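Visitor: Each chain is listed here by its residues.
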Amino acid sequence: MSAFSLSDTPLAPEALARDLCHDGAGALVVFEGRVRDENEGRAVLRLDYEAYEVLCLKEGGRILDEARTRFGLLGACGVHRTGSLELGECAIWVGALAAHRGAAFDACRWIIDELKQRLPIWKREHYRDGTTGWVRCEACAAPGAHGHAHPTDGERHA
Amino acid sequence: MFAPWNSGSAYGPFARGYSELWARGRVPRAGGGRWEGEASIFVEQYKARISFAALQPTKSARFPRHAGHKSEDQDHMQLLIRYVAVLRDERGQAEESLETGAATPRALYHELSARHGFSLPDTRLQVAVNDEFAAWDQPLRDGDQLVFLPPVAGG
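Here the protein sequences come in this chain order: C and W.
Residue numbers for the first sequence follow numbering that gives the first Met the number 0, so the first one is 0 and each next one is one higher.
Residue numbers for the second sequence follow numbering that gives the first Met the number 0, so the first one is 0 and each next one is one higher.
Hints listed in this document are in silico derivations from the structure and should not be mistaken for laboratory results.
From a predicted model like this one, the values you see are computed outputs, not experimental measurements.
A portion of the hints provided could be inaccurate.
[Stated by the list, open to error] The following label-pair restraints were derived from C-beta to C-beta distances: (1) Arg-41/C <-> His-109/W: 41 to 47 Å; (2) Pro-138/W <-> Arg-17/C: 46 to 52 Å; (3) Ser-118/W <-> Arg-61/C: 29 to 35 Å; (4) Glu-39/C <-> Asn-129/W: 32 to 38 Å; (5) Glu-110/W <-> Ala-14/C: 45 to 51 Å; (6) Gly-116/W <-> Cys-20/C: 50 to 56 Å; (7) Arg-140/W <-> Glu-85/C: 32 to 38 Å; (8) Cys-20/C <-> Leu-97/W: 38 to 44 Å; (9) Leu-86/C <-> Asn-129/W: 33 to 39 Å; (10) Asp-136/W <-> Glu-65/C: 35 to 41 Å; (11) Ala-134/W <-> Pro-9/C: 43 to 49 Å; (12) Pro-138/W <-> Gly-87/C: 46 to 52 Å.
Glycine included, each C-beta is placed from N, C-alpha and C at the ideal position.
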């Protein structure tokens, strides 16, 4: 597989890596993003991911195409989970296949960063105290509500 | 890796024929019934329709009264709005069809925000028109489908 996709069932990293193959490839770098038990000081029990599927597939495909061109990749793959995920589950998987390790490392990092910034996917966290929250929406809705900045908000595609 | 409900051809509310039912008000809206076998995310909580994937009805199917001719009055466009994530929570429903005089996505969001009290200002959002990222000031056309996109949080 050399494309971007969404999955509402658990990902199979070994199979995804196996599908990225090319006789000219000397390097495969993969990134596996997992559900963590903490975010911004709050204990997280599980997550829900909601995707705008049509646009996710378009934008994810564009990101992988850009990566192939930019880094001269021999293959690239990205898969994002949707639905409800437990701690430790794989939320996103990225693989970059290249002739040499430098391009593969660089491309994998670039792809995951772009996917996180550009995919229309939303994450709702379920906290240990019984509350839930849409990440980067509710807590951040009030300007100055907390310290960190969101430099990409509202600037993309404006 | 594509879930069958992404393909949109087999089953679920976006299967063929849904648009006609939707237009006639025969399909349950948010808070309504659940379709057997459907894999929509959060369906238990919201009965939400997550995707326009297969919702590509003709304009005449969605808006029968506009069938076959362009809207004569550009001040009264019929638009389809879909709400996702925190906006769906705040709106209390996943989608709605409405008539509006708003000429741009920005004007429409201001109109909706004034009506429903959305917490996010447009400067924190992106907008998609007909399943593609769009500019806030592009002219809207009769039959457009809009999704206002809260700050994304993938990965």
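Visitor: Determine whether the Cβ-Cβ distance between Glu-39/C and Asn-129/W falls within the hinted range of 32 to 38 Å.
Guide: holds, 35 Å
Visitor: Does 35 to 41 Å hold as the CB distance between Asp-136/W and Glu-65/C, or does it fail?
Guide: violated, 26 Å
Visitor: Between Glu-110/W and Ala-14/C, does the beta-carbon spacing fit 45 to 51 Å?
Guide: For Glu-110/W and Ala-14/C the Cβ distance comes to about 48 Å; the hint holds.
Visitor: Indicate whether the distance between the beta carbons of Leu-86/C and Asn-129/W respects the range 33 to 39 Å.
Guide: With Cβ atoms ~38 Å apart, the hint holds.
Visitor: Does the beta carbon distance between Gly-116/W and Cys-20/C stay inside 50 to 56 Å, or does it fall outside?
Guide: holds, 53 Å
Visitor: Just tell me: holds or violated, for the beta carbon distance of Cys-20/C and Leu-97/W against 38 to 44 Å?
Guide: Given about 50 Å between the Cβ atoms, the range is violated.
Visitor: How does the Cβ-Cβ distance of Ala-134/W and Pro-9/C compare with 43 to 49 Å: does it lie in that range?
Guide: Between Ala-134/W and Pro-9/C, where Cβ atoms are some 38 Å apart, the hint is violated.
Visitor: Could you say whether the range 41 to 47 Å given as a hint is met by the Cβ separation of Arg-41/C and His-109/W?
Guide: violated, 32 Å
Visitor: Tell me if the beta carbons of Arg-140/W and Glu-85/C are separated by a distance inside 32 to 38 Å.
Guide: violated, 44 Å
Visitor: For Pro-138/W and Gly-87/C, compare the CB-CB distance with the range 46 to 52 Å and indicate the outcome.
Guide: holds, 48 Å
Visitor: Does the Cβ-Cβ separation between Ser-118/W and Arg-61/C fall within 29 to 35 Å?
Guide: holds, 30 Å
Visitor: Quick check: does the Cβ-Cβ distance between Pro-138/W and Arg-17/C fall within 46 to 52 Å?
Guide: Given about 48 Å between the Cβ atoms, the range holds.
In the structure shown, a violation is registered for the earlier hints numbered 1, 7, 8, 10, 11, in ascending order.
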